[in-house]
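Peer 1: Letter by letter, the chains look like this.
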Amino acid sequence: MTDTPVLELRNICKRFGAVVASNDVSLDLRPGEIHALIGPNGAGKSTLIAQIAGTLPSDAGQVMFEGRDVTGLDAVARARAGLGRTFQISSLAMEFTVLQNAVLGAVGQARTAFSLLRPVMKDRVLVAAAEAALEAVGLAEFRALRTDELSHGQRRQLEVAVALTLRPRAFLMDEPMAGLGMEGTAAMTGFLDTLRQRAPILLVEHDMDAVFRLADRISVLVYGEIVATGRPDEIRADAAVRSAYLGEATP
Amino acid sequence: MRREHRLNALILGLVLAVPLWAWATSEPFTITLATRAVIFAIAGVGLNLALGTGGLVSLGHAAFFGIGGYAMGILASHAQTYTPLFEWPFVLEGTKSMPVIWLLAVAASALAALMIGALSLRTSGVYFIMITLAFGQMFYYFMISWPAYGGEDGLSIYVRNGFPGLNTLDPIQFFALSFAILCAVLYLVTRLRASAFGLALGAARQNEARTRAVGIDPYRVRLLAFTLSGAITGLAGALFADLNRFVSPVMFSWHTSGELIVFIILGGVGRLMGPVLGAALYVALEHHLGGLSDYWQIYFGAILLGVVLFARGGLIGLIVGRETAHD
Chain A
1 MTDTPVLELR NICKRFGAVV ASNDVSLDLR PGEIHALIGP NGAGKSTLIA
51 QIAGTLPSDA GQVMFEGRDV TGLDAVARAR AGLGRTFQIS SLAMEFTVLQ
101 NAVLGAVGQA RTAFSLLRPV MKDRVLVAAA EAALEAVGLA EFRALRTDEL
151 SHGQRRQLEV AVALTLRPRA FLMDEPMAGL GMEGTAAMTG FLDTLRQRAP
201 ILLVEHDMDA VFRLADRISV LVYGEIVATG RPDEIRADAA VRSAYLGEAT
251 P
Chain B
1 MRREHRLNAL ILGLVLAVPL WAWATSEPFT ITLATRAVIF AIAGVGLNLA
51 LGTGGLVSLG HAAFFGIGGY AMGILASHAQ TYTPLFEWPF VLEGTKSMPV
101 IWLLAVAASA LAALMIGALS LRTSGVYFIM ITLAFGQMFY YFMISWPAYG
151 GEDGLSIYVR NGFPGLNTLD PIQFFALSFA ILCAVLYLVT RLRASAFGLA
201 LGAARQNEAR TRAVGIDPYR VRLLAFTLSG AITGLAGALF ADLNRFVSPV
251 MFSWHTSGEL IVFIILGGVG RLMGPVLGAA LYVALEHHLG GLSDYWQIYF
301 GAILLGVVLF ARGGLIGLIV GRETAHD
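For the record, the sequence lines run as chains A and B. With the first letter of the first sequence counted as 1, position 109 gets the number 109 in my numbering; the numbers rise by one all the way through. With the first letter of the second sequence counted as 1, position 231 gets the number 231 in my numbering; the numbers rise by one all the way through.
Bound-form chain B, shown alone (with noise of 0.2 Å):
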């Protein structure tokens, strides 16, 4: 729909512009938080591809944004004090290099996805949302019983890691960084949507019975979209720990679920750039009503029901009107 392109454009120029217009004038701050709303953003596109486009209301993601998050904080801690992680069957050291940190976070994420998904997906409905919500609090509480890694006081990275060619440490290059890996994943989805996948995962969705007499398992489908989902938030988790230099059990927390899913709902459940702009609007909510007082929950929450009451669709819903059916 042209509108909503349209739209879409602009959000992504503002995500852009506000950074670089913070980097014209020395605040890095500002772009720490523009950071910070653009990782919060993989999350929930990720998040979107399984809640939005396949129907599955998972309130356990939280699992796969710590998974990223200790990923990075595990193989950065070794890196750190020298030692391997295991040397048995085969060594593996640590590493401060954000590209194979991204790797096994995608890698190990997609795996959890794909075992919590085989199970979970075996249910629908609020069944679904309580098997994944349980599956999500396991994870927190392992983290937090688990003293190798920081237990409930999470581990300290001092250096952010690496990536070839950039000074990762300048908020404006890691923006930069965060902001590529936005839009490829923003690219990926486009084409996941748009693909017979995309379309058999939309149908799974509208209507099961359909979907099973043209002879599409539903259940691979969302199997398969549920892992893809789970390994982007893996990755936006690697991220997010790699901005904080910090990890804790808190990334796993249900809190971290229900922050997603408020970025989609208030974005615009299904659409493109809904967990963007919904991010990026907790982001400056959470910065400038948190200024104002500490309960800014309050007024977010009102925010949201507004939304939630008078926006079918989101603020993107609100702004373009009804998704049309497309070609």
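Chain A extracted, bound-state conformation (with noise of 0.2 Å):
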């Protein structure tokens, strides 16, 4: 397929001091696949996440996002662009109930924040798209529950159903299956498989099994340079992989 990139990197680069997190890194994501970013701790992956979000200004590159120069937009920008995130530690409003986390995403998707007078929770399309994704995640049951009574793993759950309710056009996703369990982990690969199809994902994950399973694509990503490209199948065959990553992680 010739599919033109939802999302495209051009030579990103970012250093903090003499260490160099991003050195010019470029890929991009094609409409309806999973690019998986692997590498060992501290190769700059969640760095190169927050570049992409718009949370860490980059020093040199361009953020392409469905063929726009996005580089010069803050986080909220991007965000409404169509860029939705999921963060590597949760990252929550705590003192809300999970459904009224879920919420707020499909607030900012409605971009009904200056609505003053309405009560948001009685507003049956924002609380049915809240739900949904809920549903979409396996926590409608957990609805009520204040956010900071779940357990690690559900929270990363509602990470990502907070995500879904921003409908976006590209995810970005920080090791949504940390924490999550067997079971979890099983339930979250099943469900990242089929939601390709609604927006690629860009997705960082420490799981190199569910890696291989959903990836059509994987970059590599080792002192802040990808160090290669490819299908699953070249990337495990990879010699210079094998040595910088996959050597340690697989037994």
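Since the hints were derived computationally from the structure, they do not count as laboratory data. Where is the CB? At the ideal position from N, CA and C, for every residue including glycine. Hints are supplied without guarantee of correctness; some may be wrong.
[What the hints assert, rightly or not] Across the chosen pairs, the derived CB separations fall in these ranges:
#1 A:K122 x B:P89: 45 to 53 Å
#2 B:V126 x A:H152: 30 to 38 Å
#3 B:F90 x A:Q62: 50 to 58 Å
[To be verified] To give an idea of the chain B side of the interface with chain A (calculated C-beta under 7 Å), a few residues:
#4 A22
#5 S26
#6 R193
[Unchecked claim] Away from chain B, derived, C-beta distances all over 12 Å, residues of chain A:
#7 T4
#8 A18
#9 Q62
#10 D74
#11 R80
#12 A132
#13 E141
#14 M182
#15 F191
#16 Y223
#17 P232
With the hints as a guide, bring the two chains together.
Peer 2: Structural data, given as structure tokens:
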């Protein structure tokens, strides 16, 4: 297929003092695919996600989203443009209920944050969108719980649910499986497998079984540089990748 | 939460019952004290929207309280002397009409809050506290050094301003007017907190990164909250000036800002009725402890310390427990 990429990074750089966190990174995300980003700890995966989401300004390079240069936009504008991210460390409104967190996403999507007098939790459209997202990740029965009462894994699921309510045109997911356990990981893997139909996913993940099952393409990031990009079987066979990374991770 | 609703109704009922009892037994001074508590409560409810719901610890809300007060003082003093405020570009006459004064008090304090907020909200934490304090003190020293409206001595108004159909000089009628405004403000704030805006404001307080990630700009949400908060506190300032028939720069001083924060902490940060309970207790203690000793604030300080140390969530939190999430 010769699809034009939804998201494209062109020569992205980020430096923290002497540490080069991203060095001339270029990659793209095509419609309908899951593009996994793997690499050892400290390779700069989360830095890259932050640069794409707009929370961390890049020193050089361009971020193109749907053919438009979004490099100069902040995180709010990029979220509105259609980039839905999940955080590596769950980042939720902990005093809200599970449902309120999801409704917050729906409010952001509907751009009604300046609706002053209508009770938001009685807004059928927003609540229905939020409940559908909770249903999709398997959190529907916990909707009334306070978020700080959720387990670590459930918070990861809620992260994904909030991203769903944004109805983004590309997902940026930073370790959505971390802490989910066997069953949770299997369920989330199955869910992400279907999710790519809705919008492509740039997936940072440490669970190699999940990555090799899900990814259409894999990029390997080592010390801020992409050392290889390709289909899962190509990556598995790649000598540079084996020495840099996979050799340490697979038994 | 059911228990908190019941407690809120009880507090509001007491605030209404005490002056009614005083009216029946002809004790006008108690009615005046209750009116003072109600007006402080309005100011506190206004601040609580920013401080409690939005997490914006403003130590400069005296500015809005004072602007509301001087809106009344300036308009009424011009009406008293039959001189216009200014003649160019249009003639603005003074007025003794409360509704007009309130409108101008709300507009002026909202505008001031918009400008102060636009600058202050670029900072956060301790810097935000300090910059709002600085703005408040700027107004304080400005009013002291501006001779046109009494400077340090303030302004006296001979007769309380009028409200159509009411005799505002009758303490119970002025109390009823203030109480009605408190109820209206509580209703407005309840609606705001339950709205999408309230949700976004709460989210911005709890987790700024999350708020941005769903495409909501925390700065703009906070700026609106700060403006609404300042407007409500300004309205309370106009009422406070009318209660005393006197305004002075003291309304602008940081003591006033501190008092407003004390009401909130005493009653419960972020609780709808927190400032109402806090203000009522403050006025009651000020009166009764003040009668025992000139140094009553030492004892008040001890009570406040006890609340801060042992009752997180203030007295309302102590009674009804942790705030449960509500749909």
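Peer 1: Indicate, hint by hint, whether the structure satisfies it.
Peer 2: Checked hints:
Look at K122 (chain A) against P89 (chain B): about 47 Å separates their beta carbons, and that is inside 45 to 53 Å. V126 (chain B) and H152 (chain A) have their C-beta atoms about 32 Å apart, which keeps the hinted 30 to 38 Å range intact. Against the hinted window of 50 to 58 Å, the Cβ-Cβ separation of F90 (chain B) and Q62 (chain A) comes to about 54 Å, which satisfies the hint. For A22 (chain B), the shortest C-beta to C-beta distance to chain A is roughly 36 Å, which exceeds 7 Å, and the interface hint is violated.
Hint status for S26 (chain B): violated, given a least beta-carbon distance of 42 Å to chain A, over 7 Å. Hint status for R193 (chain B) relative to chain A: violated, with the closest Cβ pair at about 10 Å, above 7 Å. Every C-beta of chain B lies more than 12 Å from that of T4 (chain A), the closest at about 24 Å, which supports listing it as non-interface. Every Cβ of chain B is farther than 12 Å from the Cβ of A18 (chain A); the closest lies at roughly 27 Å, confirming the non-interface assignment.
Chain B leaves Q62 (chain A) outside its interface by the beta-carbon criterion, the shortest separation being 21 Å against a cut-off of 12 Å. Its beta-carbon lying about 8 Å from the closest one in chain B, D74 (chain A) breaks the requirement of being farther than 12 Å from that chain. A cut-off of 12 Å between C-beta atoms contradicts the statement that R80 (chain A) is not in contact with chain B; the least separation is 4 Å. No beta-carbon of chain B comes within 12 Å of the beta-carbon of A132 (chain A); the shortest separation is about 16 Å.
Consistency note on E141 (chain A): stated as away from chain B, and its beta-carbon is indeed over 12 Å from all of that chain's, at 14 Å minimum. No beta-carbon of chain B comes within 12 Å of the beta-carbon of M182 (chain A); the shortest separation is about 28 Å. For F191 (chain A), the shortest C-beta to C-beta distance to chain B comes to about 20 Å, beyond the 12 Å cut-off, and the non-interface label holds. At the 12 Å boundary, the C-beta of Y223 (chain A) stays outside the reach of chain B, the nearest C-beta of that chain being 26 Å off.
With a closest Cβ-Cβ approach of about 29 Å to chain B, P232 (chain A) is found to remain outside the 12 Å limit, as its non-interface label requires.
Checked against the numbered hints given earlier, the structure breaks hints 4, 5, 6, 10 and 11 and satisfies all the rest.
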